[in-house]
Each structure stands twice: as structure tokens, then as C-alpha cells.
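Trainee: Chains as they are written, first to last, in the UniProt record's numbering: chain A, 1 to 339; chain B, 1 to 344.
Hints should not be assumed to be uniformly reliable.
What follows is a set of in silico ranges between Cβ atoms, one per label pair, in the way DEER data are often shown [unchecked claim]:
#1 A:D255 x B:Q85: 36 to 42 angstroms
#2 B:K273 x A:Q305: 56 to 62 angstroms
#3 A:P33 x B:Q85: 38 to 44 angstroms
#4 B:G61 x A:D255: 20 to 26 angstroms
#5 B:M116 x A:A128: 53 to 59 angstroms
Which residues of chain A face chain B? A few of them, derived with a C-beta cut under 7 angstroms, are [as the list claims (entries may be wrong)]:
#6 G22
#7 Q24
#8 I29
#9 G113
#10 I115
#11 P120
#12 G150
#13 Y250
#14 V315
#15 T317
#16 P324
None of these hints come from the bench; they were simulated from the model. All values derive from a computational prediction rather than experimental measurement. Using N, Cα and C, we set each Cβ at its ideal position, and we do this for glycine too.
Chain residues, written in single-letter form:
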Amino acid sequence: MYEEMVTARYYEERLQEEYLEGKQPAFDISAGPIPGELHLAAGQEASAAGVCAHLRDTDTVTAPHRPHHVAISKGVDLKRMTAEIFGRETGLSKGKGGHMHLYDPDMNFACSGIIAQGCPPAVGAALAAKKRNTDDVAVAFLGEGAISQGGFLESLNLAAVQDLPVVFVIEDNDWAISMPKARVTDVEDGSRRAGGFDVRGERIDSDDAVAVYEAAETAVGRARDGNGPTLLEVQVHRRMGHFMGDPEAYRSDADVEAAQERDSIERLADRLREHGVEGDDLEEIRERAHDRVDEAIEWAKEQPQPDPEDAYEDVFTDALEGWPERPERELAATDGGER
Amino acid sequence: MAQADVPDPDAAGRELTMSRAMVEAIAHEMNESRDVFVMGEDVADYGGIFDSTQGLLEEFGHDRVMDVPISETGFIGAGLGAAMQGMRPIVELMFADFFGVAMDQIYNNMAKTAYMSGGSVSAPMVLMTAVGGTYNDAAQHSQTLYGTFAHLPGMKVVVPSTAYDAKGLMHAAIRDDDPVVYMFHKRLMGLAWMPAPEGPKTGVPEEPYEIPFGEADVKREGDDTTIVTLGLHVHRALEAAADLADDGIDAEVIDLRTLVPLDTETVLESVQKTGRLVVVDEDYRSYGVSGELIARATEGALEDLEAVERVTAPDTPVPYARPLEEEFQPSAADIVAAVESVRE
Ligand SMILES: Cc1ncc(C[n+]2csc(CCOP(=O)(O)OP(=O)(O)O)c2C)c(N)n1
Numbered sequence: 001m002y003e004e005m006v007t008a009r010y011y012e013e014r015l016q017e018e019y020l021e022g023k024q025p026a027f028d029i030s031a032g033p034i035p036g037e038l039h040l041a042a043g044q045e046a047s048a049a050g051v052c053a054h055l056r057d058t059d060t061v062t063a064p065h066r067p068h069h070v071a072i073s074k075g076v077d078l079k080r081m082t083a084e085i086f087g088r089e090t091g092l093s094k095g096k097g098g099h100m101h102l103y104d105p106d107m108n109f110a111c112s113g114i115i116a117q118g119c120p121p122a123v124g125a126a127l128a129a130k131k132r133n134t135d136d137v138a139v140a141f142l143g144e145g146a147i148s149q150g151g152f153l154e155s156l157n158l159a160a161v162q163d164l165p166v167v168f169v170i171e172d173n174d175w176a177i178s179m180p181k182a183r184v185t186d187v188e189d190g191s192r193r194a195g196g197f198d199v200r201g202e203r204i205d206s207d208d209a210v211a212v213y214e215a216a217e218t219a220v221g222r223a224r225d226g227n228g229p230t231l232l233e234v235q236v237h238r239r240m241g242h243f244m245g246d247p248e249a250y251r252s253d254a255d256v257e258a259a260q261e262r263d264s265i266e267r268l269a270d271r272l273r274e275h276g277v278e279g280d281d282l283e284e285i286r287e288r289a290h291d292r293v294d295e296a297i298e299w300a301k302e303q304p305q306p307d308p309e310d311a312y313e314d315v316f317t318d319a320l321e322g323w324p325e326r327p328e329r330e331l332a333a334t335d336g337g338e339r
Numbered sequence: 001m002a003q004a005d006v007p008d009p010d011a012a013g014r015e016l017t018m019s020r021a022m023v024e025a026i027a028h029e030m031n032e033s034r035d036v037f038v039m040g041e042d043v044a045d046y047g048g049i050f051d052s053t054q055g056l057l058e059e060f061g062h063d064r065v066m067d068v069p070i071s072e073t074g075f076i077g078a079g080l081g082a083a084m085q086g087m088r089p090i091v092e093l094m095f096a097d098f099f100g101v102a103m104d105q106i107y108n109n110m111a112k113t114a115y116m117s118g119g120s121v122s123a124p125m126v127l128m129t130a131v132g133g134t135y136n137d138a139a140q141h142s143q144t145l146y147g148t149f150a151h152l153p154g155m156k157v158v159v160p161s162t163a164y165d166a167k168g169l170m171h172a173a174i175r176d177d178d179p180v181v182y183m184f185h186k187r188l189m190g191l192a193w194m195p196a197p198e199g200p201k202t203g204v205p206e207e208p209y210e211i212p213f214g215e216a217d218v219k220r221e222g223d224d225t226t227i228v229t230l231g232l233h234v235h236r237a238l239e240a241a242a243d244l245a246d247d248g249i250d251a252e253v254i255d256l257r258t259l260v261p262l263d264t265e266t267v268l269e270s271v272q273k274t275g276r277l278v279v280v281d282e283d284y285r286s287y288g289v290s291g292e293l294i295a296r297a298t299e300g301a302l303e304d305l306e307a308v309e310r311v312t313a314p315d316t317p318v319p320y321a322r323p324l325e326e327e328f329q330p331s332a333a334d335i336v337a338a339v340e341s342v343r344e
């Protein structure tokens with residue numbers, strides 16, 4: 001868990017550096033080596049690491065628009081994921097998906113940039129597991145801003161009535177872009193929504209990876225044993241803006257500082273030291289994680305750009321004749337008109 | 001079609017970005033009537049991700065500039081309900097791509113209220129959203145989707161390309177008794193972090209004025225080929241027309257400004273003059289705006305037409321990587337090539 005968390009944090013720090021290259025001093029979203037928007041998850045590592053520690057490759061995870069820490073904890077190929085984020089040909093989606101749309105079928109991992117829309121497919125993966133009589137489970141991650149969304153609530157209900165092996169994990173980072181949680185919901189404990197569907201719900205009030213690990217152990221175990229869904233809510237923190245370049249004018253400095261101070265990684269390191277893990281061992285883990293990240297980023301940056309013509313491929317599994325139609329310059333002349 | 005009596009943009013004595021112009025119209029209408037209010041995600045404290053509501057919170061407070069939870073079915077439907085009570089809500093959903101989760105409220109409720117009630121109930125709301133790519137935000141954040149909304153009957157669809165039009169169309173949209181979908185291109189808004197091309201920042205009169213729906217704007221007169229387009233691609237078409245002019249080709253550029261109602265007359269008049277039509281659209285190629293315009297041109301001016309072509313996004317989702325999105329996006333060079341090819 002510690003290694004995953006350190007990897008995720010350092011990965012995001014490095015991505016931030018790369019992303020801002022060429023975008024400074026004046027921020028222009030279409031400049032620099034990383035295309036598009038970038039949503040970083042620094043401060044949210046504990047929930048992903050604590051939950052995914054119980055998952056196998058064959059278990060399914062769906063992540064929202066802020067996916068890197070979840071992907072790393074699930075074991076998504078770091079190099080190919082990084083190449084995807086840089087928009088390269090050898091990326092997970094050949095440069096077509098981008099950072100909000102990471103798909104790794106080997107790890108049964110997928111994302112959606114549309115809020116809460118990863119929940120229904122997670123329910124579907126659980127349904128498949130049940131129909132096929134495997135003991136695989138599915139986990140859907142979502143933000144606390146997403147808990148008012150129909151897609152989530154419908155999924156919770158469906159999972160409940162079908163007794164499906166799903167765990168929903170709400171990562172409560174207090175903010176939905178500029179909306180503080182208090183204005184999203186009148187119920188502070190998001191996991192209480194489970195009660196309305198007769199599903200078990202639990203809130204982990206701190207971003208203590210060990211507490212998440214323990215709660216997830218029960219939840220995932222329950223799902224695997226055929227005892228239905230669980231809704232977990234984990235208090236995490238948003239250390240940065242909603243996306244890179246977000247000026248956060250709506251957020252007080254004190255709130256940002258408070259988020260920076262609560263460091264789940266340091267907390268876990270303390271915990272490990274208390275339990276007799278040597279400082280050197282932690283340092284070794286950290287170095288290994290950093291090397292792996294640096295290597296992935298270097299590798300990704302050396303990868304070729306996709307061929308523009310590839311834009312037309314993969315719309316369908318078997319290319320349809322003439323579809324998608326390329327905008328070729330053909331004359332569509334009529335026989336009328338003398339000019 | 002005769003241009004309506006509207007104030008002169010060049011005499012305005014000041015220039016605004018498109019977002020400032022939109023906000024000015026909204027603020028004016030909010031001051032005129034307490035029935036006008038704004039509701040959406042990040043419209044208050046953030047001022048709209050694309051600055052579409054910047055500064056309104058300070059002037060009107062949270063009661064009239066309402067941030068709402070991420071529950072589009074709920075708040076778009078609630079906007080409709082308030083409109084059915086005679087209020088005039090402006091509801092924003094930041095990206096057109098996100099409408100899917102609330103589509104039922106849009107096309108089964110909002111758009112059909114007037115018809116299903118036999119005209120006894122109307123829905124005077126504005127549904128405002130950002131469209132378009134050019135900044136590599138991939139398949140779920142870059143769609144243009146003009147055709148989707150224009151295809152479904154019951155909503156007017158407005159697509160400004162300049163600050164001047166953005167203000168006049170916004171006034172008209174808020175005052176309109178029907179639901180209006182107001183689709184602005186992110187790249188035109190004048191955002192610090194997404195530089196606009198030359199063109200959308202224009203003179204904007206201080207006083208309120210309406211640009212009537214269904215009046216296309218002939219942005220450049222020419223005799224050789226008619227280029228019909230809207231939104232961002234008005235500016236790309238003008239760039240192409242300037243390049244073509246260097247080679248002695250005199251293209252006419254028409255900015256549709258509204259898709260519903262559609263100013264067929266201006267398009268037909270132009271095509272009757274030039275004999276050649278190029279339609280440019282950032283939306284998907286098939287079953288959309290480009291096909292519709294070509295159909296209307298063939299219905300109305302078949303004998304005059306020598307050649308038609310369309311320059312559109314292909315029928316693929318919007319790709320992420322830069323070389324792929326560049327290939328996907330209709331460029332000024334593509335427009336030049338299309339005009340040259342219809343003249344062969
Ligand atoms: C259906 C839909 N509506 C709106 C958005 C725009 N949007 C993207 S992220 C976001 C806030 C999400 O907040 P939360 O779920 O708390 O996740 P966080 O960003 O805090 O991780 C919004 C409103 C979207 N992507 N999809």
C-alpha cells in the first residue's frame with residue numbers, strides 16, 4: 001500500500017511538472033507536452049491503495065475523471081498509461097482516449113469523464129461475474145460531488161436488488177470543482193445513502209490507509225462471498241486545483257493549507273515505523289517507486305506520436321466499409337446548372 | 001433576408017470578448033426582471049468554467065445565481081418547471097457532452113411542452129452550454145453536437161460566433177417564449193487559458209439589442225463559391241476566404257447564427273449567385289447540419305448548383321492526441337481545398 005501511494009503521489013508531481021512545461025508563464029491549455037485537461041489526485045491515494053489492496057487482476061475497477069491513483073493501485077501498466085497521457089501511439093488507447101479515458105483490459109480497468117457514469121458498468125461487471133459463477137468483484141470509484149447523480153443511485157439500487165458483488169467507493173475530497181460538499185448534500189455522511197437501499201454503508205472519516213484497508217477487506221470479502229454490495233465513503237483531500245490551471249479563487253488559503261497538512265502518506269509511514277519498519281526500508285520503497293515513475297515518463301516521452309490517419313480507426317471493432325467516411329474531397333456535382 | 005434594425009458594432013466605441021458580451025446581456029435581463037435567474041454547475045463562485053457567468057454572483061448573489069449539485073436531470077428539469085411557471089431561467093451545463101445524463105428532461109419534456117400542451121404551456125428557458133474541441137480534451141469533452149439539438153423539434157438553437165452576436169442573441173434568447181439552446185464555442189470566449197482566433201472580439205454596444213433568430217449574417221461577400229458555416233468555423237472560413245482571395249477566388253462566407261430557425265433564404269440567394277456550395281461544420285458528418293444544408297440547397301436551388309461539398313468532422317469520436325485531433329478538426333486549409341475542388 002505504501003509503495004502504491006508513494007508511486008501515485010510522485011507520479012502526479014512529475015506529471016504536473018511535465019504538464020506545465022510550455023504552459024508557463026501564460027497558461028495555454030493547448031501548449032506543452034501533455035494534451036488536454038489534467039485532473040490530479042494528490043491527497044487521495046489512501047482510498048485507492050486501501051481498497052485495491054484486496055483486488056485481483058480479474059476484479060473490475062471503474063474510475064472517474066481523476067483516475068491515476070486508482071489505476072496505479074489496480075496495477076494498470078504504468079508505461080502504457082503514461083504514453084496514453086502523453087497522447088502517444090503506444091499508449092493504452094493509442095492516444096485516442098487520454099487521461100480521463102484509460103482502459104486496461106488486462107487489469108479490468110476503465111474510466112469515464114462523465115460524472116458517476118462508471119457506476120453502471122461496474123454493476124454490469126458484477127452481474128457478469130454472478131452469471132458466470134466466478135467470485136470476481138467490481139469496484140466503482142466516484143467523488144462526493146457525484147453522489148447526487150442518477151447513475152450512481154440507480155446503480156446502488158440495482159446492485160442491491162440483484163445482490164451483486166459491487167463495492168462503491170466515494171472519495172470525499174470536500175470539493176466538486178467550486179462546490180463545497182455542504183452545498184451538494186445536506187447529509188454529511190455520504191455512505192448513509194446506502195441505508196435507503198438497504199445496502200451496508202460505512203464512512204472512514206480520515207484518510208488513514210489502514211482504516212480504509214480494514215473497511216475494504218470486509219466490503220470486498222462480503223462481495224466475494226456473494227453477500228451483496230457495500231457503499232464506502234472515505235475522507236480524502238484535494239491538495240491542488242480541480243484541474244491543472246484552476247486558479248481556485250473560490251477556495252480559501254486556509255482550506256488549501258489544511259489539505260496540504262493532512263498527508264496520508266506521512267501518516268502511513270509513521271504507522272509503519274511504529275510497527276518496526278526501518279526508515280531505510282521506507283526509503284528504499286520510495287526510491288524504487290520514483291525510479292519506476294521516472295522510467296515510465298521517460299519511456300512515454302520517447303514513444304512516437306500517432307499517425308493522423310489512425311483517427312479514423314477503431315470506431316467499430318470490424319471496420320465498416322466506408323465508415324467512418326473520410327472527408328475526402330470528392331465532387332458531388334449535380335447535372336443542373338450552367339455557369 | 002433583410003438585416004434587422006440593430007445598432008452598429010463598429011460605432012460601439014469599445015470591444016468585448018464573447019464571454020463579457022454574453023454576461024452583459026444576462027445581467028441586463030436579470031436587472032429588468034426578477035423572473036430571470038441563472039442555475040448550473042460552478043456558475044456562481046467559479047463564474048462558469050468558460051467565464052459565461054463571470055461576475056454575476058457579485059452583482060446578484062447566490063439566490064439568483066445558483067450553484068447546483070451535479071444532478072442534471074434534476075436541475076435541468078427544475079429549470080423547465082420554473083419556466084412553466086412563467087419564470088425565465090438560464091440553465092447552464094458546462095459541456096454539451098454532458099447532456100446525455102439529462103436528455104429526457106431536454107427532448108421529452110422541455111422541447112415538447114408547447115406541443116404536447118396544444119400550445120397552452122410554454123417553456124421560456126435558455127439552456128446554455130459550451131461546445132467544440134481544439135484543445136485536446138478528447139471524446140467526452142469536445143463534441144459539437146449542433147445536429148443533435150437541431151434535429152429534435154421544439155427548441156431553438158443558437159450558435160454565436162462574435163461578441164456582438166453573442167450579446168444580441170442572448171437578449172433574444174432570454175426574451176423568447178420557447179426553450180432556446182445557446183451553444184457557444186469554448187475557443188471563442190476570450191479565455192486567458194485558451195486563446196481565441198482573431199475575430200470573435202468585436203465592438204459591442206452598451207445598450208441592449210436583439211439579434212433576431214433566423215437571420216444569417218453574410219460575413220464576406222463573394223461571387224465564386226458560397227461557404228456556409230457557424231461558430232468557430234466562421235473564423236476559419238474567413239481565413240480560408242482570405243487565402244483564396246490571394247489566388248483570385250472570391251468566396252462568400254455565411255454565418256448561420258441560428259440553426260433553428262434556419263435562414264434558408266440567405267443560403268439559397270447566395271447559392272443562386274455563386275453556383276457552388278461548401279458547408280463547414282465541426283459536428284459529425286453524417287445525419288447532421290451539413291447534410292441538412294445541402295438538402296435545402298438542392299431542394300431550393302437545384303438548377304443553380306454546379307457542385308457541393310462538405311467539410312466536417314468525420315464520423316468518429318473526438319480523439320485525444322494532438323495529431324489525431326488536428327486530423328479530425330476541419331481546418332482553414334481543408335476549407336480552401338474544398339472550395340478549390342468545387343471550382344474544378
Ligand atoms: C454528467 C457530468 N456533469 C458535469 C461534469 C463536470 N464535472 C467534472 S468533474 C466535476 C466535479 C466532480 O466532483 P467530485 O465528484 O466530487 O469529484 P472530484 O473532482 O472532487 O474528484 C464536474 C461537475 C461531468 N464531467 N459530467
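Trainee: If a hint holds in the structure, say so; if it does not, say that too.
Mentor: Hints, one by one, checked against the model:
1. A:D255 x B:Q85: 36 to 42 angstroms: 37 angstroms, holds
2. B:K273 x A:Q305: 56 to 62 angstroms: About 43 angstroms separates the Cβ atoms of B:K273 and A:Q305, which means 56 to 62 angstroms is violated.
3. A:P33 x B:Q85: 38 to 44 angstroms: 51 angstroms, violated
4. B:G61 x A:D255: 20 to 26 angstroms: 22 angstroms, holds
5. B:M116 x A:A128: 53 to 59 angstroms: 40 angstroms, violated
6. G22: Not OK, violated: A:G22 not within 7 angstroms of chain B, min 12 angstroms.
7. Q24: For A:Q24, the interface hint is violated, since the closest Cβ of chain B sits about 12 angstroms away, which is over 7 angstroms.
8. I29: 5 angstroms, holds
9. G113: Holds - the Cβ of A:G113 comes within 7 angstroms of chain B, reaching about 4 angstroms at its closest.
10. I115: 5 angstroms, holds
11. P120: Result: violated, 11 angstroms to nearest chain B Cβ.
12. G150: Status holds, d = 5 angstroms.
13. Y250: Where the cut-off is 7 angstroms and the nearest Cβ of chain B is about 4 angstroms from A:Y250, the hint holds.
14. V315: 5 angstroms, holds
15. T317: Violated, about 14 angstroms.
16. P324: Since chain B brings a Cβ to about 4 angstroms from A:P324, closer than 7 angstroms, the hint holds.
Hints 2, 3, 5, 6, 7, 11, 15 from the earlier list are contradicted by this structure; the remaining hints agree with it.
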